[in-house]
Amino acid sequence: MEEIVEAEKSTAAGAHPQQPFVILAQPGLFDPSRAPSGKHTAWAYCHVPNGSTVDMTTRIENQVERFAPGFKERILGRHVMNTVDMEKYNPNYIGGDINGGIIDIRQLFTRPALRWSPYKTSAKGIYLCSSSTPPGGGVHGMCGYHAAKRAMKDVFGINARLPSPK
Amino acid sequence: MPTGKKDFDAIVVGSGPNGLAAAIAMQQQHLSVLLIEGKETIGGGLRTQELTLPGFIHDVCSAIHPLALASPFFKSLPLHDHGLEYIFPPIPAAHPFEDGTEAVLLPGLDKTAKLLGQDQDAYKQLLALLVGSWPKIANDILAPLHLPAHPYLMAQFGWKALSSATSMSKRFITPEAKALWAGMAAHALQPLSNIATSAIALVLLITAHTGGWPLAKGGSQSIAHALASYFVSLGGKIQTNFYVHSMEQLPSAHAILFDITPRQLLQIAGHSLSSLYKWQLNHYRYGMGVYKIDWALAEPIPFIAPH
Chain A
1 MEEIVEAEKS TAAGAHPQQP FVILAQPGLF DPSRAPSGKH TAWAYCHVPN
51 GSTVDMTTRI ENQVERFAPG FKERILGRHV MNTVDMEKYN PNYIGGDING
101 GIIDIRQLFT RPALRWSPYK TSAKGIYLCS SSTPPGGGVH GMCGYHAAKR
151 AMKDVFGINA RLPSPK
Chain B
167 MPTGKKDFDA IVVGSGPNGL AAAIAMQQQH LSVLLIEGKE TIGGGLRTQE
217 LTLPGFIHDV CSAIHPLALA SPFFKSLPLH DHGLEYIFPP IPAAHPFEDG
267 TEAVLLPGLD KTAKLLGQDQ DAYKQLLALL VGSWPKIAND ILAPLHLPAH
317 PYLMAQFGWK ALSSATSMSK RFITPEAKAL WAGMAAHALQ PLSNIATSAI
367 ALVLLITAHT GGWPLAKGGS QSIAHALASY FVSLGGKIQT NFYVHSMEQL
417 PSAHAILFDI TPRQLLQIAG HSLSSLYKWQ LNHYRYGMGV YKIDWALAEP
467 IPFIAPH
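Going down the list, the sequences are from chains A and B.
Residue 1 is where the first sequence starts when you use the numbering used here, and the numbers rise one by one after that.
Residue 167 is where the second sequence starts when you use the numbering used here, and the numbers rise one by one after that.
Heads up, some of the hints might be wrong.
What the hints assert, rightly or not - Okay, the calculated bits of chain B under chain A, using three or more residues with CB under 8 Å as the criterion:
no., region
1, 175-189
2, 223-229
3, 232-238
4, 303-317
5, 338-352
6, 447-454
7, 464-471
Worth flagging that the hints you see were computed from the coordinates, not collected in a lab.
Idealized CB from N, CA, C, for every residue including glycine.
Chain B extracted, bound-state conformation (with noise of 0.2 Å):
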């Protein structure tokens, strides 16, 4: 333990899922940590609001939640008892043709496969070990680079993992295939045929074969709210609508997390780095953005193909 008197042991800047996660990891061996955040409401991309009309509640940015479910770290915390339910629809994906056709991802390994026809066999082949492991590797790939505790099973998702999603596409035949794979690649925000682009399609179809891909019910600021209640009871401290701009800003600590990107941390701590470690940051890079919409609907969307 360091010695010298501190305001907190740890103090995390950001209430995102990470901020949060680092919080709770850290009060759960007992050392005082308060979380702060910028915004009136705690969560990052895990905030719900009234966006359009009266009643509508809408989640402002991230909606469906494959990784919440799959993550290690949640899984181990009494989340449920803080008032988190997950809702499971159904079907977790489905992509329309303008014929009225469409591909559809169902929670089931073999049934995907069987709707996919001729590429039914080529499907199975590409996930049924990956599937299977699951458990055993989820621990490896949500995590930096390290010496894996299954280095076959790694072996055999990484050989898979670090090619483009469109090479990896030539092993399907049918417009269903290729455009279920597509579908889920083009979540890496970047050119299909980029090296490694085939990673995070594994990881969103592997979860949908294995816990599903659930919303929170009455919305993502569930998640946030349930993970903050547990690390309050946990004993941690929240400070919100604190905008953080300088180090001089902060009460004293021994440790201090950041939850924010390369950039913001050059503008509030940059005095402190090397420059060598500025240099590094200052050539981080952004990727694609998003437009986003949300409707306030009288019906339904009236889909013509049947999911």
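Here chain A stands alone, though its shape is the one from the complex (with noise of 0.2 Å):
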């Protein structure tokens, strides 16, 4: 825990750790559809400052290797992105902030900004429905609709309501 918590504090203040905390998959494992037959993928990730180019493929392989001695020799090819390509990618990854803003205490509830309804902008009839509105990052969809649901309201008059699980 220790190594985590440093990894991120000091990430957060502009530096780059050299043992970085990994987040990593292997939907090949459980995803046959994958890789070709007996070939596996996996994914894998770590946080640097926003707009970082530092190169950090050693230091996460390395953090792997750690845990899993012979892991590099099992590597067939590799793909590597950082902050500016995936920018480049969606540029709603504003130097590289996969969570649309960051989600402290103050943007917690008052993303993007303190108003009455956090989808509705300033001019009449535009609405932002982003991971940079509540409830914030993460594939849920959530923003969306409770936006939809504000301009629905609005501009045409409709309550919307959650139909029931299908």
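Both chains come to you apart, so use the hints to assemble them.
Spelled out as structure tokens, the structure:
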């Protein structure tokens, strides 16, 4: 735990830890459609300062090797993305931030700005529905759903409710 | 209903999970909706591509989907009929230590707690009530600030969620429990001593113990495809390869919803926004970035720890 706390603290302060906290998944273990028969894929990332272009490949691979000796010999190919590549891939990832803005105590309930409705902008008929609005990052679509609900009420006088689960 | 002829009732710019959700919610109410995407393929963070070698497909951004499964809105949609299949790994997460031991997150709350030895009771005390009442409180948690439907349960979540992950970790003695907790909280993309970093850790642990942490068969793109397929079946329109730089490019509509961050909204629609709102958006802060690697592997990763 101390290692994770230290890595996240120093990264938020603008540093690149030698032993970053790595989040890793091996989808090929459970979904054979991800790779040719018998072969595998792995997916991993670590946090870096916003906008960083430092190459973290060796540090991430050293971290995996540390807990899985022999890992490096099994690599057939790799693809890396730094924060600039992430933003190019999806312009919403400003400086590589995949959550659409920091979710700290100030921006938890007031993203993107302190307003009666977070989805409504100052212009009539224009709304924000991204992860920069509540409840924030993650694949759940609830920012979009609540923004649509707000827009439908304001613009079309429609009171939408969640349909019962199918 | 507003008067005056427009090309569409509503336009959604950006086809990530939130843009797709917004488009579907409005099309469900029989509004005419156009969904616009700047890239060739829809999905935002839900894209799967052959990044390394031929035949190896990789999730470009998100890969594991506890919140897609827990989402009250996605849950209400017939996504299975539109081709979405979730696969549930038997072990949602594991955190290895150098000596070959590990902290393991299992689907069951009791089983996970049991592996934490001395912290068994502390772990259960932290989560049992919230896990049991998750179906009731999920709608309130995954929503903007409002009067909750279950105030007592929300308060139980709230006081725990608002504390920092480091202070909450003092409940635990074992390195396993501490590591499991810190690993979850690190998803907050900020120092773990920050207030409210417990929220994301709690949600991740609760979802592991309720629905699970699934991946989408065939890659995360399958989630976007299922959402888009359902949207089109309702009569919605999608246009890809249309990068929006300014409002003038858009067809006319009564409502425009942007699945983008404040910085891009300032560029696209800045001239129609008030100066106070622009000032607020200019002060919106972004967090840490990510550095990501995808590997094509000859064999699974040989972790010393069994999971």
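Here's how the hints hold up against the structure:
no.: 1; hint: 175-189; result: holds (count 12)
no.: 2; hint: 223-229; result: holds (count 7)
no.: 3; hint: 232-238; result: holds (count 5)
no.: 4; hint: 303-317; result: holds (count 6)
no.: 5; hint: 338-352; result: holds (count 7)
no.: 6; hint: 447-454; result: holds (count 6)
no.: 7; hint: 464-471; result: holds (count 8)
When each numbered hint is compared with the structure, no violation occurs for any of them.
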